[in-house]
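Chain L: place on chain G using the hints.
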Amino acid sequence: DGGITQSPKYLFRKEGQNVTLSCEQNLNHDAMYWYRQDPGQGLRLIYYSQIVNDFQKGDIAEGYSVSREKKESFPLTVTSAQKNPTAFYLCASSIDGTGSYNEQFFGPGTRLTVL
Amino acid sequence: AQSVTQLDSQVPVFEEAPVELRCNYSSSVSVYLFWYVQYPNQGLQLLLKYLSGSTLVKGINGFEAEFNKSQTSFHLRKPSVHISDTAEYFCAVRGTQGGSEKLVFGKGTKLTVNP
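For the protein sequence lines, the chains are G and L, in the order given.
So the numbering used here is basically just the index in the first sequence, starting at one, shifted up by 6.
Position 78 of the second sequence, counted from 1, bears residue number 63 in the numbering used here, the numbering being contiguous throughout.
If we strip away everything but chain G, and leave its shape as in the complex, we get:
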């Protein structure tokens, strides 16, 4: 089955620790995205990558970092600089981030709670 996997589904960390969220896709999509979801706030774009070894900041990149060393993987690190990291994180991918239209497919999400 093709799709997007995110692990773990639930993650707990102590304040001040960095944590890395996994996102893997086997859809052969070029573009991948990370969103943060807070209650009543909708989805906000953190980072996106249109091609391997390249990525751009989204609207709320401060306190986060990413890498895109492989086409199928786009891990997100939540650093200690992120002031309010507790949230639901969603990864998505699309066939081609530079095309005129690209439907985004979403993973199941990771709920991060910082204690």
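Bear in mind the hints are in silico, worked out from the structure with no lab data behind them.
Since the model is a prediction, treat every value here as computed from it, not as a measurement.
Each residue gets a CB set at the ideal place from its N, CA and C atoms; glycine is no exception.
It cannot be assumed that every hint is accurate.
As the list claims (entries may be wrong) - In the DSSO-like style, the derived pairs of lysine-lysine whose C-alpha atoms are separated by at most 27 angstroms in a straight line are: (1) L/K87 <-> G/K63; (2) L/K92 <-> G/K15; (3) G/K76 <-> L/K87; (4) L/K54 <-> G/K89; (5) L/K95 <-> G/K15; (6) L/K87 <-> G/K77.
Claimed, not checked - Computed list of chain L residues with no C-beta within reach of chain G, every gap over 12 angstroms: (7) V(-4); (8) L41; (9) E51; (10) Q56; (11) T97; (12) N99.
Unchecked claim - Stretch by stretch, here's where chain G covers chain L in the computed footprint (C-beta under 8 angstroms, at least three residues): (13) 2 to 8; (14) 25 to 32.
Here is chain L on its own, set in the frame of chain G:
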């Protein structure tokens, strides 16, 4: 830049009643429009999309939406809802100009279907 307003944060309805979830967008360019559904603690699933052509778009699970360019609206409707339609619904907009365009989400509408 685009923006999306979902006019109702919560919509309670009774089973088998009709429902309309409202979405207005703001954009100075032509757009693609989407409705996604999110069940609790899951990722987003595409319900339907408007790219071009007929302004009435039919999606999965009996939902439909109508694109109204003059009113910059893309309201989602279902003539008879089921308990299983209880979820959060997100409207999203994307410009048609290609690679630099991002998907912008509304803040969501929680639909609760009561027996």
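- Message: So if I understand the rule, the pair passes when the alpha-carbon distance is 27 angstroms or less; does L/K92 with G/K15 pass?
- Response: Given pair L/K92, G/K15 holds - Cα atoms ~23 angstroms apart, limit 27 angstroms.
- Task: Check the non-interface label on L/V(-4): least C-beta distance to chain G beyond 12 angstroms or not.
- Result: L/V(-4) clear of chain G: closest Cβ-Cβ about 14 angstroms, beyond 12 angstroms.
- Task: For the pair supplied as a hint, L/K87 and G/K77, confirm whether the alpha-carbon distance does not exceed 27 angstroms.
- Result: Answer holds: L/K87 to G/K77 is near 20 angstroms, not above 27 angstroms.
- Message: For L/K87 and G/K63, compute the direct alpha-carbon distance and say whether it is at most 27 angstroms.
- Response: holds, 12 angstroms
- Item | Restraint status (C-alpha distance of L/K54 to G/K89 at most 27 angstroms) | violated, 40 angstroms
- L/T97 and chain G, when compared Cβ to Cβ, separated by more than 12 angstroms: The claim stands: L/T97 keeps its Cβ more than 12 angstroms from every Cβ of chain G (closest is about 15 angstroms).
- Item | Given as non-interface: L/L41, which should sit over 12 angstroms from chain G by C-beta | Holds, because the least Cβ-Cβ distance between L/L41 and chain G comes to about 19 angstroms, which exceeds 12 angstroms.
- Message: Under 8 angstroms between beta-carbons, do enough residues of the stretch 2 to 8 of chain L, three at least, approach chain G for the coverage claim to hold?
- Response: violated (count 0)
- Query: Has the given pair, L/K95 with G/K15, been kept, meaning a C-alpha gap of at most 27 angstroms?
  - Reply: Satisfied, since the Cα-Cα distance of roughly 22 angstroms is no more than 27 angstroms.
- Task: Evaluate the condition: distance from the CB of L/E51 to the nearest CB of chain G exceeds 12 angstroms.
- Result: holds, 20 angstroms
- Going straight from one Cα to the other, do G/K76 and L/K87 come out at no more than 27 angstroms? Holds, at roughly 22 angstroms.
- Query: Per the coverage rule (Cβ-Cβ under 8 angstroms, at least three residues), is the stretch 25 to 32 of chain L covered by chain G?
  - Reply: With 6 residues in contact (Cβ-Cβ under 8 angstroms with chain G), the coverage given for the stretch 25 to 32 of chain L holds.
Consistency note: the structure conflicts with the earlier hints numbered 4, 13.
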